[in-house]
Amino acid sequence: MNNQFDLAIIGGGPAGYVAAERAGAKGLRVVIFDKRALGGVCLNEGCIPTKTLLNSAKVLETAREAALYGIHAGSVSADFEKIMKRKDKVVRKLVAGVGAKMKHAKAEVVMDEAVIKEKRGTVITITAGGKDYQATRLLICSGSEAAVPPIPGLDSRQVLTNREILRLKGLPKNLVIIGGGVIGSEFADFFHAMGTQVTVIEMLPEILNGVDEEIAAFVRGEFTRRGICYHLQAKVTRLNGKEVLFEKDGQVHSVTGDEVLLSVGRRPNVTGIGLENIGVEFSPRGIKIDPCCRTNIPNVYAAGDVTGFSLLAHTASREGEVAVNHMLGRKDVMRYHAIPSVVYTHPEIAGVGLTESAARAQGVDVEVRRLPMAYAGRFIAENEGKDGFCKVVVGKKYREILGVHLVGGACSEMIWGACGLIEAQLRVQDAQEIVFPHPTVSEIIRETVFQFDV
Amino acid sequence: MATPVIMPRQGQSVETCIMGEWNKKTGDQVKAGDILFSYETDKASFEEEAKEDGELLAIFYQEGDEVPVLSNVAVIGRKGEGVEEFRPGGVSASAQAAGSATDEQPASATMDVAAPESDQKPAGRRAEGKSPGEIRISPRAKLRAGQFGIPYEQVEGSGPHGRILARDVEAAAGTLPHLTTLAREKAEAEGLTPAKETTALGGRTGAADLVATNPVYGDDYEVKKLSNMRKLIARAMHQSLQNSAQLTHHMGADARQIMALRKRFKKKYEAGEISRNITINDLVCYAVIRALRKFPQVNTHFTGDSMRWFRKVHLGLAVDTDRGLMVPVVKNADDLSLEGLSGQLSSVAGQCRKGNVDPELLKPESASFTVSNLGNYGVEMFTPVINLPQTAILGVCAIVPRPADLGGGVYGFAPFMGLSLTYDHRALDGGEATLFLKEIKEQIENLSV
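As you go down the protein sequences, you meet chains A and B in turn.
Take the first sequence: its position 208, counting from 1, is numbered 208 in this note's numbering, and each next residue is one higher.
Take the second sequence: its position 244, counting from 1, is numbered 244 in this note's numbering, and each next residue is one higher.
Take these hints with a grain of salt, some might be off.
A partial selection of chain B residues facing chain A, derived with a Cβ cut-off under 8 Å [stated by the list, open to error]:
{"hint": "1", "residue": "203"}
{"hint": "2", "residue": "207"}
{"hint": "3", "residue": "272"}
List time: in silico SDA-like cross-link candidates among lysine to any residue, alpha-carbon distance up to 25 Å [claimed, not checked]:
{"hint": "4", "chain 1": "A", "residue 1": "288", "chain 2": "B", "residue 2": "245"}
{"hint": "5", "chain 1": "A", "residue 1": "288", "chain 2": "B", "residue 2": "208"}
{"hint": "6", "chain 1": "B", "residue 1": "224", "chain 2": "A", "residue 2": "333"}
{"hint": "7", "chain 1": "B", "residue 1": "225", "chain 2": "A", "residue 2": "398"}
{"hint": "8", "chain 1": "B", "residue 1": "224", "chain 2": "B", "residue 2": "324"}
{"hint": "9", "chain 1": "A", "residue 1": "331", "chain 2": "B", "residue 2": "208"}
Simulated restraints, written as ranges between beta carbons of each label pair [to be verified]:
{"hint": "10", "chain 1": "A", "residue 1": "205", "chain 2": "B", "residue 2": "360", "range": "21 to 29 Å"}
{"hint": "11", "chain 1": "B", "residue 1": "10", "chain 2": "A", "residue 2": "451", "range": "43 to 51 Å"}
{"hint": "12", "chain 1": "B", "residue 1": "208", "chain 2": "A", "residue 2": "147", "range": "31 to 39 Å"}
{"hint": "13", "chain 1": "A", "residue 1": "169", "chain 2": "B", "residue 2": "360", "range": "57 to 65 Å"}
Bear in mind the hints are in silico, worked out from the structure with no lab data behind them.
Just so you know, these numbers come straight off a predicted model, no measurement behind them.
Think of the CB as a built atom: it goes at the ideal place given N, C-alpha and C, for glycine as much as any other residue.
Here chain B stands alone, though its shape is the one from the complex (with noise of 0.2 Å):
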């Protein structure tokens, strides 16, 4: 009567092990004794020596396999006995490498030809496209990895479903880059794998070549650290959208009468009647401060439980430059006239975009309230970001061609000034807010100088 092989259970915890070499093939005769193969638990290898003697009828395992603990993996026994009932699961080893599940199975003889796939692949090359996750390693082969340290995810496996075993392992400890101790440390400390390009001594992997991502997907990008403003400014962004309750109300502010002084100011200007050449955006801050002094409760910074609120207006005023977004502030700004105005707004943005600004002006807590034009940007709508503690912010927009009652039942297109103001509901009601920007389109409507 035949009998089987058993994979044998070493320790409590172990479910399966890995089959090893086979020492013998289908056909050989076996004296108890003889080593029939090996296998090993994440522990540990081991060899499994006969338990009688007879002929080695069947192999239902093959090397780099999982075994379940406890399953036939062979059966010893004399020349045309059955093996059939010994045979485990009723899925052959070979057709579960092959990749698929067949209930038939061919003659015991033909099972020890090891699966295709665990053949071709050359033990040792890099393995791509592959995710933490994804990758299948041996215990023993991880063991190994970590002895050689190397980078286990770059090794391709030649076990089953490209499981990485300790011989892909050694293969590849010649070929891959090793890390240094730091970078052994540094790796498993913070959860780092090596990144594809090495520079430390002799191709090595430093502590400065380890990346948080897996290498392969990480190729198509450069990273590129933050220059201490772009971090200022994105801090103080984030804490403003966090920290308030902002929203934003637009409305369009006839712009003709606007349009027609900035014409005046300019052939003043060309004749020398005047030291400066109003902008369209000087006039929108003139009126926006005289809207500020109807509505003193715009003028104000949000504290948390208080208001303060300014007795005069300290316009910032948003300004582009090549290292970030700037916003000075003009101090005391309702005592200027409309060209004392233009030339502090010009001095400051000038300052900023130069670099000498003083520091003091760029706090957010300096200014009582901003204004930021896109207008020039072609920008008909947008939300601006309030510099928190101030309490709101007007965005300027571009000036567009709209329907307008042109009077007498008389419809045209008349120029349309968008106005975005941003305000902090913390502190200021959806009615209050409308009127004051109802104030400001009504002042760049009327203005007058």
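Isolated chain A, as found in the complex (with noise of 0.2 Å):
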């Protein structure tokens, strides 16, 4: 077996493995190297790991509210460790998935770390567990790591991150979350569910940035009354052990925790990769990339959370296989305009496009419209003394839809068709000629478009 490869792919993530299956696909010889485990960041620390144990929490919570549906449940707990358990074997078994993937599409897995040596003419050479590998095209989806930023008296083995508070052993009676964004605001959610008093400090006016504020604020009303503490406009500014200080309304308090997660964001991972040897442009914010994937050296693409710029599954997948289909020569090209995006929290988030807010602030002439998740007669069915909305945004002139956001019940499911609205660029009226199952919860999305005039 040679070392001569069409595509080598530096990082087995879902920006990687997707990748490595559509190029193995169309015939490419493929080397795929990853220093940890397949599946990268999503599979073992990430997506799967947290969605399987929001998955046990909301189990907890149907059962706990059984009694609203007419269904005696009797006394009802949660088996911790049970629970880590479960999610460690749904890991595995999708790990074990990514690598039958990789055989499937003829992909070489190397589990090294894999470091860019050179580029000569048109062979790039890898150096990975003291081999050489040379290939004609390079992908960098080397991923990002959760930032430590530098707080005084951090120490880094007293403070979890989303990697170490997955594999706690025992539940933390007390639970601070540094950062109140989409991860911070998940395990705030399953650990309260679980039992443990979780305390939430924020730097912004508002948790989750980057959800529409209305959803937002809402989304934290429940947590509140639920009895998660919130402290917002808050900033950390000092840690001792777990202890943490954080200043407030220009006063300084401290809260206490069993456990501290850190998770204020994430750093690319553009260090010790080697891109200095061959000149690839990047700046501690990622490697820059163009609509195709390509960085500024030729062959040579990126994808995925190391570029920086939208650090999600499901972007780095399609960034994969848009740099997989410049390098086939099939027309391409990468959008962000209608890139999904999740809180697997309950109620669920969902969102695609546009906020109110985001369309103000760019200057776009924009409509809103808005509705209670109660017009939707499955939800009433089936979320008994729950809540939710549902928002619409949609051009001023042309009447195009620009985004579509939900909270309240399952909404995620649904949300993938409102990206296909905005990507085939539908107007209302356009829209309105979609037949949407009935009873649905997804109906709501019908309703709210039937608010604007056409």
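Mind assembling these two chains? They're in different frames, but the hints should get you there.
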């Protein structure tokens, strides 16, 4: 087996392994490197494990509310150890699945840390595990790491990131979460459901930066009602072990947890992979790419978190696909205006496209309509005592759908349809021709669309 | 007796029709009621029946030709009968298509050979190098292009003179990018055309892929949106030139005194006697402030029907930064010593370059007069633009050697600093402005601190 390949992929996460699948399906000889585990952060320490945990929390919630639906479930409790074990099982299964996909794509998998050595003419050399591999094309998907800001007193052995918190053996009684973004909010939801006392410290005036502000406020209101404690516009100034000192309204406050979770963002992995050896243009914010996912070096591409733009697994996969399409000479270009984002808390949040505030900030003239979930019959049938709403953002002049934002129930599974509306550049009158199944919660999108004048 | 076949007139306003396919060829026997050919107007296509029996003796127009209504398009009769009396205009259809006009025509039997051009051009290829005005397209083809949602400018026409026909559009529909409904609506509403590069779903032309000009010519530039700062500067400069009556006077000032002063201060600075390294610009600004105190009518703002006469000198300095031109002010500059002025000028220029200058200091209303020094760049003379509502601006230029009277009938070279004063003639007259400029020159030439 010689070490000459058509495509070398650094990173076996959602960008890398999907690209390997697509390239392999078209007959390219692929070698894919990962220093930890196939599936990357998403599969091992991110998306999949957290969704598995949150599902257990959802089952617990449903069981506890069973009486509302005329079911007597007796006493219901959560077994933290069992929940974590199941999460590990799911992760193992899916990692094996990715391995099977790589076999099917006839891609060589190298479980070693890869470093770009050099580029001579058309040949790129990668070193991994003491061996040299050569390829005519390179795709860099080295992903991202949890950002650790230089807070005085921060001891990385005492503070958890998403990686360590997923390996906890016992349920903490108190949990302090620094950062009220998506990751922080999902962990807050899960641990609170398990019985932990959760405190969230957020620097901005509202949690879930990027999500429609009304939706973020709605979720925070719901979480506060359940007993999660929030400190907004609070800046962490110091850590003493597991005591967190923060400044709010000009005063210094302190809160201590059995565990402290740091979830203030993610940093692209641009160092230590040899980018300088071939002159790839990058900054601490990520590797610079064009709409075809090309870097400044011919035949070198980048996809996923390492490009630092949209740090989502599905964006990563699509970027990987755009890169492979470009390699194969197929016309394809990456677009970012219809990338869905989901927060898997309960209630779920799902949105795509421009929020009302983002549109105004960009000077885009829009009209917005909003309806409560109560307008969808099935929501009432299946969500006793719960609430939610749908917001649709439309361009004022041409009535094209620019954004759809939902909170409530299991709205994550219906947002892809809204992505389709936006990608096809459908106007209100076009979208009104689409038939939605009845009764479904998704009909709320249709109802909201019909609130606009055509 | 042979009879002509006439192109019918379909409707009052129709002047011409496009000849479609011929069902019969010359030499064929036709019966009354047989379909001879089809033709199209911009509204519809029609089929023409033979009005009588006979042999199709001649065909004057080929498929794709534009035919004036009521022209003779063919002749039906008995074999051997003459057709020349029916021939329209003396110029044959094939001769037209071949691009040459001749009066002598070959025998009628050869007339139904299709024009070489329409045979050779494959329909559906992209047309290069045509501006919107040059594109010839049949109304029906235009309609079809709209139905398919494709940009017809990019379709190669197979009709006469490259005219795009419906069949060309239909052939191209498979290969050219389609527009989304939004893009189609926007293109029509704003008069835009699809660009060559498409970025929407499935290679479609999306709303973001529409351009104002013919995309074929638009390839060799990149559109870069202006930064906010650039927009502000653009607006201010344009407004200044549009809303004032500015002109520039140039004068040279003997720079020997000022250069000697600079040398002296440099020595003092190096010896630690003064805290600042005084630059030529500092000295010039110092001189300008003195001149302004003698010419209060220049230390003013022009506000349409009145002028603000400032009691103090607020000196604006033009500073070049990465993001563009900034003009911060040193307030009450006439209260400052030379060292103080030097410190202020340097400090405020530094703040501009760093990006942390107080925005109040950048307002043109904050300064009463501005100095713009391009001496370091080697500019010998220029026409600076006034920072309205100020009345004037002094451009300081490079020091160049010029012949001078060194005294006692001896001529030699002396260093001269160019001074370019732009003033608003609505506020000041030429004489005043010149006297002011002369005052600056004299202050510079005789500067003592």
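Here is how each hint holds up against the structure:
1. 203: It holds, given that the least Cβ distance between residue 203 of chain B and chain A is near 6 Å, below 8 Å.
2. 207: Since the shortest Cβ distance to chain A is 6 Å, the answer is holds.
3. 272: 40 Å, violated
4. A/288 x B/245: 49 Å, violated
5. A/288 x B/208: Within the cut-off at roughly 22 Å; holds.
6. B/224 x A/333: 20 Å, holds
7. B/225 x A/398: This hinted pair holds, its Cα atoms lying about 23 Å apart.
8. B/224 x B/324: 16 Å, holds
9. A/331 x B/208: With Cα atoms ~17 Å apart, residue 331 of chain A and residue 208 of chain B stay inside 25 Å; holds.
10. A/205 x B/360: 21 to 29 Å: This hint holds: roughly 28 Å between Cβ atoms.
11. B/10 x A/451: 43 to 51 Å: 48 Å, holds
12. B/208 x A/147: 31 to 39 Å: Between residue 208 of chain B and residue 147 of chain A, where Cβ atoms are some 33 Å apart, the hint holds.
13. A/169 x B/360: 57 to 65 Å: With Cβ atoms ~60 Å apart, the hint holds.
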